[in-house]
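Chains as they are written, first to last, in this note's numbering: chain A, 1 to 362; chain B, 1001 to 1687.
None of these hints come from the bench; they were simulated from the model.
Glycine included, every Cβ here is placed at the ideal spot set by N, Cα and C.
Just so you know, not all the hints are guaranteed correct.
Restraint-style ranges between C-beta atoms, simulated for each label pair [stated by the list, open to error]:
hint : chain 1 : residue 1 : chain 2 : residue 2 : range
1    : A       : Val218    : B       : Gly1245   : 46 to 56 Å
2    : A       : Glu273    : B       : Ala1174   : 38 to 48 Å
3    : B       : Met1330   : A       : Arg335    : 17 to 27 Å
4    : A       : Val213    : B       : Gly1245   : 52 to 62 Å
5    : B       : Gly1387   : A       : Arg335    : 55 to 65 Å
6    : B       : Pro1104   : A       : Arg332    : 48 to 58 Å
7    : B       : Ser1091   : A       : Val272    : 33 to 43 Å
8    : B       : Thr1298   : A       : Thr179    : 30 to 40 Å
9    : B       : Arg1143   : A       : Pro297    : 29 to 39 Å
10   : B       : Thr1298   : A       : Asp230    : 55 to 65 Å
In silico negatives: residues of chain A with every beta carbon more than 10 Å from chain B [what the hints assert, rightly or not]:
hint : residue
11   : Trp33
12   : Ala41
13   : Leu46
14   : Arg58
15   : Asp101
16   : Leu174
17   : Leu197
18   : Asp230
19   : Met235
20   : Arg255
21   : Ala298
22   : Ile358
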Amino acid sequence: MKTTRILTCLLTLIQGLLAAGPLFRGTERDPAWRTSPGIAAVLTALPADLTPTLPAPRLYREPEFTLGETNSLAWPADSIETAAASAGFTVLFYEIQASYDADGVSEVLWGFVNAGTDSAVFTGLPEGPPVSYRLRYYTRSAADGFGLSLWSDPQVSIQDAHPPVLSRWDLSGLQSGETARWIIGPALNHRITASDLPTGRVMEVFVHEKSAVVDETVVYDIVPPRTEVDTVLTMNALKTPAHQAVTLSVWVRDRAGQPSDVRSIDLFWIPVEEFRMFSFPNPFRPAAGEIAVIQVPAPDAAVLRIFDPFGSLVRILRKSDAADLFFQWDGRNDRGDLVSTGGYICVVEGREKQYCKIAVLR
Amino acid sequence: MDKFKGTGGFIAVISLWTAAFAFAGPEGDAGRAGAFLRYGVGGRALGMGRAFVGVADDASGVFWNPAGLVGASRVEIQSLYSNLYFDSRYSHLGMVLPRPLDNPKNPLLRFLFGPRTAVGFGWVGLGMVDFEQRTATAEFIGRFGLEENAFAASWAREEAGSWGLLRAGVTVKAVNQGFSGLADGAGAVPGAEGRDWSAGADVGATFQPIHAPLFRSFSLRYVLPLRFGVSVQNLIQPAWKLQSGENDPFPRSVRWGLAYRWVLKDWFPRSWQTVQSVVEDVDILTALDWEKAEGSGTGVYFGAEGRIPVLRRRLLWSPRFGFNNQAEWMSVGTGLTVPFAKSAAVRIDLAHELHPDLPNDTRMSMTFQFGVPRDAGFFRRWYDRAGGDTGPLLNIVADYPNPEVNGTVKVLAESDSRNASRYNDLLLGIDRAEWMYRTAVDLLKRNETDKARRKGADAGREYAALFSRQENPLTDLQLTHYGEMLLLTGQPESAVPVLREVEKTTPRTHYLTGTAFKGLGRWDAAIAAFDSAIHSIGVAGEPVLNSIDCLSALGLAESLIRNNRNAMALQVLEDMLTHCQGRLDEDYPRYPVFEDGYCVDDAQLLVGVCLIRMARIRDGVNALLEADRFYPLLTNGRTAGGMADDLIQMLSNDDTEGLQDAAETLLDAYSEAHGLNGRNAAVRAGR
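Extracted from the complex, chain A is given alone in its bound form:
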């Protein structure tokens, strides 16, 4: 009967202590996650004068930027608990704390996890201000009763929830038609425009070349990393052979490792020595939706005329962009009718007259 009364008093005391909360809780926030009943009971039984004397644990290193609004803290629970056991202590649970200043107000998040747990996740972390994390553990020994470690060295990390934005990517010299894109020669000159939030930094540009024979990504560092990037990068020449389809993809990545959206373009390149007037595909099938491209290396040529073999006018074409070095033909005459199967002659007049032949298959 006496033993029962003692145990009951102890439980009541523990509950009371728990109700009073832990000694080093910080602000009035609730724990970041629900404290398990076992931990709560221990917290209630802890003496009010419990002082941290045990060796501080170690938190694994945190990166400078952490992606998103959550962060997962990790620590070597095995080695901590083994070391404590060697010293005659049993680790009961860990306390983890995250603190930051938001709009001039200090905020602290905290939570407890059972021994044996080697990580904890904080969610809802703000983007921008550095968040400082620290860890300590609670023990029990047969000789000394409850024990408390010192706080670990703080680990700081900044949350970055927004990926960078690749706002512009231009390939210099790209000839862009309705159904074909190409460049003259394999050299690439990219103009990149990217940005991140003011607390973010664009660090790298990735260029991926994929074709039937090449699948390679080249990374170009932005030095120094910066929030706004507007630069022309002269990159390695395409490795895909001429006249073969290649998909070129570009994206950027910030310091948090977040990639931007990927922009891709399908193109091919033609050798410089082939930069003269011709049409492709030849023959072409307008009824199947093909568009014939007539390459014209004459920037001053504004008008291209198409004739049949007898000199009758079929169509007058004009460039959609004065900077283009090509014309496009949908296989229709000026009346809008699809022309018949046969051969036609394209004539352009710039500094000098140039001609090429084009065949239509229907």
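Keeping the supplied structure of chain A fixed, place chain B upon it in accordance with the hints.
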């Protein structure tokens, strides 16, 4: 003049109206299937700006208008080779066989292959090379080419009637298209790496009016050179097969037009000897076509071709030019026909076409002609052989001008009296002059004096053109006729030298000469001429004076009276009155005008004048009273017969002076009535 001005004016109006459309500028409407058939073949047609539907009278007619093949004169083999733009080649080979069978007896064979038919064959091919085959990534694979061919056969027939010559024909054709040299990667499509075949047909017609109603008011001379043509290309449409399984048909096109051959010598006055000598045998063919094809704007084509004999007519040179509202808007060309055997010739034609954007290029064709020509001589022999059928004669007339026309129109005029005048209008040379003379005389016989004088003027011009030649080809009779026409038109001063050229003079010649001198007031010369005209009177029996004698006697008497030899005049008149039948025969010369064929009253009046002049007043008055025909001549308000009352009154009053004045008045009235410029007496009488 009016009759041909209408024809020329009609053509000029059409040309100007068309010129307003001619320069509308090319539309980008090309690219239709079968363009290689619409382009046109033959250096001649291309040199004429491709205005050829109304002509088409050579081997190229297989593709222009099969109906025109019937107009081919000889068997022809024609070839054309031309480099189109950028090494594209365009070739044509054609043949025409006019009247394939000479004279088949079988009616069906005669209908199909007889002398009014023609057959033709032709091939035209387009070849384009050196296309660069490239993939969608512009990779060069190789070179390929394109070919399009058409093989055609034509049949045509004509029908001849007085309304004109109608020709109709049909061409059937097989066409193919194919690509060569395409790499397998291009994929198999209809027409690629194989041949796409199709078939079709064209029809055509031409019409050359002769007496067709719309043209009857125009002279045949200016109607015969006109031809209308119409053709429908791809009436049965060939079509290329498409990959989708559908067809791409050749657009149907209708071409219509007219052609006119300007026979230059008919457009200049015959009196312009120098010009006539230059333009003799020279003509200019003009043609005007319109074309409307499905899916295209209206094409307008105009062309001209000269036909000029050169090197003493051994060669025929044909300069050409044309323009249209297509891309190749203008062309110039030339042709030379060189005979090299008795019935063979070769014609070389060059055509150069101008293009605003593409390099100008030249086309050359060569045509061999051989065999007996289907010309006027052929039709004449056909007519002589067949007899009775005037159809071949219509062909001769339709081929105006040619050496057989004169003989032919005479036959046709006799068999077709309704159109005789139009046929005779085709006569040339002395035949034309003589026809005009006969027409003038017929008009005089019908008392249509004004018309007769106009026709006489025309006849005079025709005679003058012949008379003025260095070697005057006119016979004595023709000179006499010429002189008559000069007198009819009041030109006695010109008639005298003409009549003097007559070698073997006749009484008619002398009468006309006397009339001419009388008209000039040269009484002595007139008296001598009239005297020569009159047969001697007083031979045994009572010879009846013929008309020439009577008229000569009247002329002589009038001249003697004017020469104040009244007694001699009275003698001549009394002799005439004794022996004259009274009524002139049908063939008397009606100039000066004697409209009713009676000359007794004329003599009686002159007798009265003579007697009064000789102071035998009462006898003179009695003679005048017997010449009652002349009283209505007076226009002083006196009624018919009123003069007689005056004469009787003056005789009663012994008014010698008045009677002499009356006699002179009557003499003047007589001279005016029978003078060269006198009006028809019947008109004056109000009859």
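- Query: Taking C-beta pairs only, is Met235/A more than 10 Å away from all of chain B?
  - Reply: holds (21 Å)
Q.
48 to 58 Å was suggested as the range; check whether the CB atoms of Pro1104/B and Arg332/A agree with it.
A. holds (54 Å)
- Message: Checking a non-interface call: every C-beta of chain B should be farther than 10 Å from the C-beta of Leu46/A. Is that right?
- Response: holds (76 Å)
Review point. If you check the beta carbons of Met1330/B and Arg335/A, does the distance land in 17 to 27 Å?
Key: holds (25 Å)
_If I claimed the Cβ atoms of Arg1143/B and Pro297/A lie 29 to 39 Å apart, would that claim hold in this structure?_
The hint (29 to 39 Å, Cβ to Cβ) is violated, given that Arg1143/B and Pro297/A are roughly 21 Å apart.
Handout entry: C-beta pair Val218/A, Gly1245/B: status relative to the range 46 to 56 Å that was hinted
Key = holds (49 Å)
- Message: At 10 Å, judged by beta carbons, does Arg58/A keep clear of chain B as stated?
- Response: Nearest chain B Cβ is 59 Å from Arg58/A, so the label holds.
- Query: Since Ile358/A was said not to touch the interface, does its Cβ keep a gap of more than 10 Å from each Cβ of chain B?
  - Reply: Since the minimum Cβ distance to chain B is about 8 Å, Ile358/A lies within 10 Å and the statement is violated.
Open item on the list: If we take the beta carbon of Asp230/A, is the closest beta carbon in chain B still more than 10 Å away?
Closed with: holds (32 Å)
Checklist entry - Would you say Trp33/A is clear of chain B, with no C-beta pair closer than or equal to 10 Å? => result Holds, since 58 Å exceeds 10 Å.
- prompt: In this structure, is the beta-carbon distance linking Thr1298/B and Asp230/A contained in 55 to 65 Å?
  reply: holds (59 Å)
Requested in this report: Just tell me: holds or violated, for the beta carbon distance of Gly1387/B and Arg335/A against 55 to 65 Å?
Outcome: holds (60 Å)
The structure fails hints 4, 9, 22 (numbered hints given earlier, in ascending order).
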